[in-house]
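Number of protein chains: 4
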Amino acid sequence: MQSKTYSPKEIAAFRGLLQLAAGGNCFSNIKVQDIATAAGIGKGTLYEYFSSKEDILSCTMLYTLQQFADWMEQQITRDVSLHAVLARFLDALEQERFLPFRALPVLGTFLSYEQRAQLGMRNREQAQAIIDRMRGYERHVFANSRKNGEIDSALSDRFCEYAILSALGGYVSMLEKRVCCREEISLDSCKDMAQQLIFRSLRP
Amino acid sequence: MQSKTYSPKEIAAFRGLLQLAAGGNCFSNIKVQDIATAAGIGKGTLYEYFSSKEDILSCTMLYTLQQFADWMEQQITRDVSLHAVLARFLDALEQERFLPFRALPVLGTFLSYEQRAQLGMRNREQAQAIIDRMRGYERHVFANSRKNGEIDSALSDRFCEYAILSALGGYVSMLEKRVCCREEISLDSCKDMAQQLIFRSLRP
Amino acid sequence: MQSKTYSPKEIAAFRGLLQLAAGGNCFSNIKVQDIATAAGIGKGTLYEYFSSKEDILSCTMLYTLQQFADWMEQQITRDVSLHAVLARFLDALEQERFLPFRALPVLGTFLSYEQRAQLGMRNREQAQAIIDRMRGYERHVFANSRKNGEIDSALSDRFCEYAILSALGGYVSMLEKRVCCREEISLDSCKDMAQQLIFRSLRP
Amino acid sequence: MQSKTYSPKEIAAFRGLLQLAAGGNCFSNIKVQDIATAAGIGKGTLYEYFSSKEDILSCTMLYTLQQFADWMEQQITRDVSLHAVLARFLDALEQERFLPFRALPVLGTFLSYEQRAQLGMRNREQAQAIIDRMRGYERHVFANSRKNGEIDSALSDRFCEYAILSALGGYVSMLEKRVCCREEISLDSCKDMAQQLIFRSLRP
DNA sequence: TATGAATGAGGGTTCATTCAT
DNA sequence: GATGAATGAACCCTCATTCAT
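Chains as they are written, first to last, in the UniProt record's numbering: chain A, 1 to 204; chain B, 1 to 204; chain C, 1 to 204; chain D, 1 to 204.
Source of the hints: derived by calculation from the structure; they are not laboratory data. Just so you know, even glycine gets a beta-carbon here, dropped at the ideal spot from N, CA and C. Some hints here could point you the wrong way.
[Stated by the list, open to error] Covered by chain D, according to a simulated footprint, are these stretches of chain C (three or more residues, beta-carbon under 8 Å): (1) 19-26; (2) 159-172; (3) 187-200.
[As the list claims (entries may be wrong)] EDC-like, lysine to aspartate or glutamate: derived pairs with alpha carbons at most 20 Å apart: (4) B:Lys191 x A:Glu161; (5) A:Lys31 x D:Glu48; (6) D:Lys43 x D:Asp55; (7) C:Lys31 x C:Asp55; (8) B:Lys191 x B:Glu176; (9) D:Lys31 x C:Glu54.
[Said to hold, decoys possible] Partner residues are not named here, just some residues of chain A that face chain B (Cβ under 7 Å, in silico): (10) Ser28; (11) Gln66; (12) Ser112; (13) Gly170.
Make the full structure from the sequences, and use the hints.
Here is the structure:
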C-alpha cells in the first residue's frame, strides 16, 4: 500500500497547523499567517501549495489519517491483542512525533457540520480509501480480541468502534479540562480510565 | 433553589443561538446578525442585553446549565435508577424544548481553550454553583445505582461520570456523522449503543 | 429688545450640553444619551423639543449667544471703558452661571466647517440679529475707549475685535493646556496675559 | 539633528489626513476610508502601518511637528528678526507643501481633552524632544528681537509665545470664517492684522 | 520559486432616531 | 407630555487572498 508523498513545505504546513491545533485553537481562530509562521514559511508560499485555508485543513487531515494508518499497519501482527494496541497507542500519543494523532480530533471537533461536509468533498476518495484501510486493521484486531476473550463475541464491530472512539473522545476532553479548568487529574489516571472504559464495556 | 430569571428577549437570544448551534455551526461562524435573526430581534437589541458576542455565549451556556439542573432536579426521586434517568434523558433530547441539552455540548466543543477559559471568568461563581448542584444529584443517582447493582461498588464517582460523558459525547458524534457523513445509522441504534456502553462499563 | 424664551426642559438640555462641552468633549464624542443624562431628562424627550442632535447644538449656541448679549447689555453704561468690561467679563467666566460663555467657544471649535455652515443655516436670521446687537455694544465700547485713550484712534473696529477674540482664544487654549498638559500656569497669570495682550496691542 | 524618516505610504497617509483636516473636518468626522482614499491607498493598508485610526492621527501630528521644526531650523540665522521670521512663515502657509503647518492646528483643535491626553501618551518623548527643539529656536529669535527693539525687554518668553500663538490662532479663525461665513475679508488683510497684533503687543 | 505588501469584503459594535406605552 | 426599548445604518478593524517582485 503506497501512501501519497508530500513536499517538505507541505509537511511543514501540516505540522504547523497541527501544532496550533494541539494548542487548543479553533480552526476559525487560526490565521493563515499563524500557520505560515508556525511552518516557518511565507504566507504567500502556502498558496503555492494549497488553494485556500480550508484546503490546508483538508490536506492536513488527510495527511494525518494517512500517518495514522501507516502507524497502525506497523502495529499489526498475527495475533495482536486489543490491550497491546491500546497501550502502545496511548503511549505514542505522548511523544512529539505523534502530534498529529493528538491534534486531529481537536481540529475535527472545531469544525462546523458544513465545514466538515465541504472537507469531505475535496479529498473524498482518498480519505475513504484510508478509512477503509484502517477499518481493515480494526476488524483484524477486533477478531483477534474476540478469540482471546477480550471482547464479547456478541458485540458488533460497530459497537466496539463506538466504545473505543467514545473513550478516546472522553480522554481528550479530560486532558483539555486539565488544561483549562485546572482540575487535579494526573495524566496516568486519565489513561487508566480510558483503558478501563474500553475493557469493561467490551468484556464478555 | 431559586434559579435566575431572564427577560423574553434574553431567552429569545439564547434559543436563537442554541438553534444555530444545534445546526452544527462553530461559534466563530455564527454571526451576531444570525443570532439576532434567529431570535427574531434587531442586531442592536442584542447589545442592550449583552455586552458582546462572547457574552451572549457565556450567558447562553449558563442558562442552559441552569435549565439542565432544573430538569435533573425534577427527575430525582428517592430510589431512582441509572437506567431510568438515562432513558428519560435520551428521550428528552429528542424533544424541541430540550434543544438546549443537545446544543450545549456543540457550543462548548466549538470553543478554543482560551475562549473557554475566558467564558469561565465571566459567570464563574454562578456556573460553579450550578455544577455543584448537578454533581449533588449525580452522586445521589450513583449511590442508588451501586445499591441496586447497576454500578460496580468498586468504581469511583469520577469514573462513572467519565463513562457517561464519554458515551454521550460519542452519541452526539454519531448523530453528527449521520448529518454530515450520511452513514446509515438509525437514531434508535445510536441510543441503544450509548446506553449499552454505559451499562456494560459500569456493571460489576 | 425682547429675547426668545425657552421651556425648562430646553434650558436643561442647553445647560447639559454646555456642561459636557466645558468638560472638553468634541461634539461628535458627546452622545445624545449623555446630553439627556446631563439634562436630567429622558432621551426621547429631547426629540420632543429638538429635531435632531445637530438641532440641539444649533439652539444651544443661539441660546448662549443670547445670554451673552443680554449680559453685555447690562454692562453697557454711557462711558464704559474697555478695561472695565474685560475685567468684568473675565471674572464672570469663573462663575458657574456663566458656564455658557466659557463653553461656547469649545463647542464651536469642535465643529467642522460643514457642521458650522449647516448650523448657520438653521437659525440664521436669529443668530445674525443677535450678532448685530452685540456688534452694536462692541462699537459703543470701542468708541468710548478711543476717547479715553485705551485704544489707538487709528485702529479699525475689525482689528480691535480680532485682537480681543485672538486673546480670548489664546486664553482658552492656555486653560485647556493646563488641563491636558499639566503645565504649571496659574489661572491669574493666564488672565493677566490675556488682558495685557489686548491692552498692549490696542494702546496708541 | 536627525529626523525620523517615513515610508512613502506613511507620508501619503499623513498628507491625506492633513488634506482632509485642512478642509475643516473634525477628526471624528473623518472616516478611515476617507483617509485611505485621500492617500490613494487601500483601507487595509493603513492598518499595515498604523495600529488604529488614533495612531494615524498621533503619527501625523508628530510628523507635522517634525516638518515644522526642520523648517524653522533652516530659517534661523545669527541675527534673525521676528519680523523676517513671521513674514516668511505667513508666506509659507500659502504654499501647498506647507499644508501641514496650516492643518495641524485644525487637527489639534478638533480633539477632545481626553483624545489629546491619549495622543500625548503614544509618542510622548519624541514629541517632547521636538517641542524642546522648537522652543530653543524660539528663544533665539526672541533674544535677537529684544536686542533689535522689536520686543519689549520686560516681556517674558511665555508672554511672547502666547501673543504669537493667539494671533496665529485668530488668523486661522478668520480664514475659516472666510470659508464658512463668507465674510468679505481678503487674505492679505488677515495677514496684516495677524502681524500687526504681534508687533503692536510686543513693541516696547 | 518564494515572498509579503496591498487589498476590500465582511464582521462586531455604536448610537442617532423612532414609536408604543 | 415623557419615556426608553428597539432598531439598523454606518463605523473601525480583521484577515483570506492576490500579485508584483
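Taking the hints in turn, this is what the structure says about them:
no. : hint                : in the structure
1   : 19-26               : holds (count 4)
2   : 159-172             : holds (count 9)
3   : 187-200             : holds (count 4)
4   : B:Lys191 x A:Glu161 : 15 Å, holds
5   : A:Lys31 x D:Glu48   : 16 Å, holds
6   : D:Lys43 x D:Asp55   : 14 Å, holds
7   : C:Lys31 x C:Asp55   : 14 Å, holds
8   : B:Lys191 x B:Glu176 : 13 Å, holds
9   : D:Lys31 x C:Glu54   : 19 Å, holds
10  : Ser28               : 3 Å, holds
11  : Gln66               : 19 Å, violated
12  : Ser112              : 4 Å, holds
13  : Gly170              : 3 Å, holds
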